[in-house]
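S.K.: Sequence:
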Amino acid sequence: MANLHLQDIKKAFGSIEVIKGVNLTVNHGEFCVFVGPSGCGKSTLLRMISGLDTVSSGRIMIDDDLVNDVAAADRGLSMVFQSYALYPHMSVRQNLSFGLENLNTPRKLIQQKIGEVAAMLQIEELLDRKPKDLSGGQRQRVAIGRAVVREPRIFLFDEPLSNLDAELRVDMRAEIAQLHKRLGNTMIYVTHDQVEAMTMADKIAVLRAGVVEQFGAPLDLYHYPVNRFVAGFIGSPKMNFLNGQVVSAVRGEVSLAAGRGMALQADSFDLADNAEVVAGIRPNAVSIAELNEADVTVEVHGVERLGGESYLYTRTSDGSSVTVNIQGETSQEIGQTVGLSVDVDKVHLFDRETGISLRRQQA
1 MANLHLQDIK KAFGSIEVIK GVNLTVNHGE FCVFVGPSGC GKSTLLRMIS GLDTVSSGRI
61 MIDDDLVNDV AAADRGLSMV FQSYALYPHM SVRQNLSFGL ENLNTPRKLI QQKIGEVAAM
121 LQIEELLDRK PKDLSGGQRQ RVAIGRAVVR EPRIFLFDEP LSNLDAELRV DMRAEIAQLH
181 KRLGNTMIYV THDQVEAMTM ADKIAVLRAG VVEQFGAPLD LYHYPVNRFV AGFIGSPKMN
241 FLNGQVVSAV RGEVSLAAGR GMALQADSFD LADNAEVVAG IRPNAVSIAE LNEADVTVEV
301 HGVERLGGES YLYTRTSDGS SVTVNIQGET SQEIGQTVGL SVDVDKVHLF DRETGISLRR
361 QQA
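All letters in the sequence shown, in the order written, are residues 1 to 363 by the numbering used here.
Wrong hints could be hidden among the right ones.
Claimed, not checked - Heads up, simulated DSBU-like pairs for lysine-lysine below, C-alpha to C-alpha not over 30 Å straight-line:
(1) K203 - K20
(2) K203 - K346
(3) K238 - K203
(4) K108 - K181
(5) K113 - K181
(6) K10 - K203
(7) K113 - K130
(8) K203 - K181
(9) K238 - K113
(10) K346 - K113
(11) K130 - K108
Claimed, not checked - Label-pair ranges, simulated between beta-carbon atoms:
(12) E299 - P37: 26 to 36 Å
(13) E353 - E17: 53 to 63 Å
(14) T54 - Q111: 36 to 46 Å
(15) G328 - A119: 39 to 49 Å
(16) S57 - E299: 51 to 61 Å
(17) G115 - G328: 45 to 55 Å
(18) V70 - K10: 12 to 22 Å
(19) E151 - N68: 21 to 31 Å
(20) R182 - T337: 52 to 62 Å
Derived by calculation from the structure, the hints in this document are not laboratory data. The beta-carbon is built from N, C-alpha and C at its ideal position, and this holds for glycine as well.
Please construct the entire structure, taking both the sequences and the accompanying hints into account.
M.R.: What follows is the structure, encoded as structure tokens:
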């Protein structure tokens with residue numbers, strides 16, 4: 001078992017506090033992703049879990065063991081870095097065996113583990129090569145293999161795919177997910193790419209400025225974001241935001257600054273008459289409509305035709321950007337004025353000042 005508990009974790013560099021009281025639990029066998037923009041503190045949090053950075057205050061518990069003052073090498077964790085961190089003068093085989101040799105593991109057992117891991121990661125034919133003779137994807141497999149052979153309690157990944165090209169990232173994403181399913185270990189994975197987070201994670205922690213804004217299952221964060229930041233960060237392309245005002249809280253009527261009124265399910269939101277709000281509308285909740293029936297009228301500023309789907313990048317009369325996801329092809333062109341219809345059942349509302357979600361049923 002390897003349950004991780006972070007209890008009011010804080011980290012300061014001098015007078016600058018970069019982690020501001022993080023509390024979360026990752027249960028045994030879960031794949032947890034820390035995601036957020038650059039500088040949000042996700043890598044710092046991972047380094048504190050690993051023991052590479054000290055904790056200013058709070059408690060890091062692995063199962064029932066307090067590990068704040070336990071050396072990194074003694075925590076039973078393995079970390080895969082963004083830079084691979086392979087020893088260039090060693091062969092793949094030697095890179096895989098080095099950590100086990102330092103633990104005085106019997107040579108026969110080392111060879112057995114290397115064979116098992118090499119077969120699992122499909123790197124058997126690479127064992128006698130040096131890192132300079134490997135592609136980026138092969139180096140990443142070796143780095144992962146070096147972590148796997150140690151049979152850690154928890155795997156830690158610090159943006160391991162950011163140096164790979166787009167196609168290889170997709171392949172490696174699937175391989176890491178399959179590895180997690182085979183091994184069943186607890187894994188914590190840091191990335192700034194929310195697509196990676198959504199496709200790989202059992203749980204996602206969205207960080208901003210050293211604070212966990214929301215922690216939960218990927219689709220819970222997608223459907224029930226607690227605030228505008230999470231709503232805008234989770235989902236690709238990102239959510240559209242349009243200013244509005246509550247006309248009638250009882251009837252759920254909201255007028256858009258750049259369009260007509262919308263009648264929402266009043267019992268789904270905490271509304272007040274005349275309250276200034278922001279309507280969050282995902283690109284797949286908007287469709288093309290006749291101009292005289294449109295909820296919003298926009299001008300097309302960009303078109304992406306991808307074959308199976310298309311994207312329109314548009315602007316409203318008040319300058320707000322609206323991205324539209326269209327299944328299949330589209331005939332719209334740049335400069336054209338089009339009407340948009342909004343699926344009101346998929347609209348999110350946020351307080352314009354605080355950014356907090358006004359939806360009553362939160363995940």
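S.K.: Hints numbered earlier in the text: which of these fail when held up against the supplied structure?
M.R.: 9, 10 and 13
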